[in-house]
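Undergrad: Let the hints inform the model, and build the full structure from the sequences given.
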Amino acid sequence: MKWCRLAASILAASLPVAAQSDAALIAEMQKLKGAVAAAQSAGDNAWMLTSAALVLLMTGPGLALFYSGLVRKKNVLGTMMQSFIMMAVMSLLWAAIGYSLVFAPGTPWLGGLDFAMLRGVGATANSDYAPTIPHLTFMVYQMMFVVISPALITGAFAERVKFNALLVYSLLWAFLVYFPVAHMVWGRGGFLNAYNGGVVPVFDFAGGTVVHITTGVSALVCALVVGPRRGYPQEPMKPHSLVLSFIGACLLWVGWFGFNAGSALAASSLASSAFVATHLGAAAGAVAWLVAEWLHTGRPSALGAISGAVAGLATVTQGAGFVVPFVGAVYGLAGGFVCFYLVVIAKHRLGYDDTLDAFGVHGVGGIIGATLTGVFATRVVNDALKLANGDAAPLGWVDGNGGQVGNQLIGAAIAIGFAVVGSWVALKITAALTGGLRMEAREEIEGMDLVLHGEEGYNLEA
Amino acid sequence: MPIKKIEAIIQPFRLEAVKEALNAIHIEGMTLTEVRGYGRQKGHMEVYRGREYQVDLIPKIKIEILVTDARCEEVIGAICRAARTGKIGDGKIFVYDVGEAWRIRNDERGESAL
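Those protein sequences? They're chains A and B, same order as listed.
Each residue of the first sequence is one higher than the last, beginning at 1 in our numbering.
Each residue of the second sequence is one higher than the last, beginning at 1001 in our numbering.
Listed below are the simulated SDA-like cross-link pairs for lysine to any residue, each with C-alpha atoms no more than 25 Å apart in a straight line:
1) A:K238 / B:H1044
2) B:K1004 / B:R1014
3) A:K74 / B:P1059
In case anyone wonders, no lab produced these hints; they're calculated from the structure.
TA: Given below as structure tokens:
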């Protein structure tokens, strides 16, 4: 406003005397305000479209490479397809009904049908969520989150689930877990929405609860229900190409800037803050995992470094835009150490086959991030939540709001509940519809690429 | 003159030295294969996210060379000198009698096919 007034007075001073009537001045000011808003929208829209593309990059090729390098080579294409197919199927589902069920006004648990088939979702901004960018941009940005979420889960049952079962489970999972939880946390009137009339305010900047807790916990349910790969853990099942995984993990790190800094929903200083926190989270995660590994096994491995970075990123996601940027490193350290312990030590004692550690990295990282955000969220960084008198509301423990830790844990518990029940139900329905979740023994030995897709990743005779 | 096949299994990092040594005594053809195997040399341990794998089959290079009987000793000597490090894992050399050799391009056979 100050800027508008200043600009208007400069403009007024330069105008010819005849034009300085009040009406003309007001008209000029309106025009100027419009121009300022258009300029801001252009900047914000550019960043948000870029962010949407970055988040898509996380699924393909990022996650597809990260995961497919960790499996045996007979399953490389099947594993890539498990991620890639989400880019197609989930995008269509989101446009048809998913976006509406999450972001249209409805009940505290699920949105309504106002935006089904993208009705009314166009160039005009939706001021409930992102007042400076086209509604379509907000919709397509959020679409990329529902694309990567079920792709993350596939790590838990890699190398053994049928393609039709994967499709049915993922579609059901979206309805039973993602849509309700995302609506509760981010949708207008959602039960956990801190900004829009929620009962229990939860701070989830970029999806620590909505994406990482729901997918990580669902992954654990999948690993337990589907059962281990044939021969696990006696037979050797080494990753067939850590080079692929390495490239994938680096792309995930880059794409995560869109995921977290994009969640500012504007090209703002808050986006910068979230960007730096995210980067430090990844860096500290890599260092923490490597140090733990170095002490534990005597050697720092490449797989350990990239696993730690992803764990740090999953952990920092919830708090990226709520905490002082340097605190991102605290998230990364916590995520790196705890996820290392769970993946490298505890999992082998517990005996379940979460093949690519979707729970150990995303579920555990998500829960740590949700908790830490209750501690470290501060109005110094994010002043969007206002008190009745217009001042910024205290957010986390560091602002003197110790009860927020409890709120965060309630949010996490609800997400865990939805993930456990929703995934279990989705798996049972899927098994009934597709005649069993798993490939037959003979097929599993032959590999997904040949059996499910009729092709091979590496053709030596070609 | 009978023909011999010399089959040498060597450490991959000695390959360049062996090729140079063979070049120096004018051995102008060979067939190379990347192979894996183990003998007295112990394998190693690999660890992926806490899962340990004992890897016994270690990468080696197998070289096959066909020579006349007269040159056999000389070639074996050249390979041994170039491939030897003195440690376990340097590899082995086997020598076979060859029944017949045939050049596909022009039906030359025997020694002139080498």
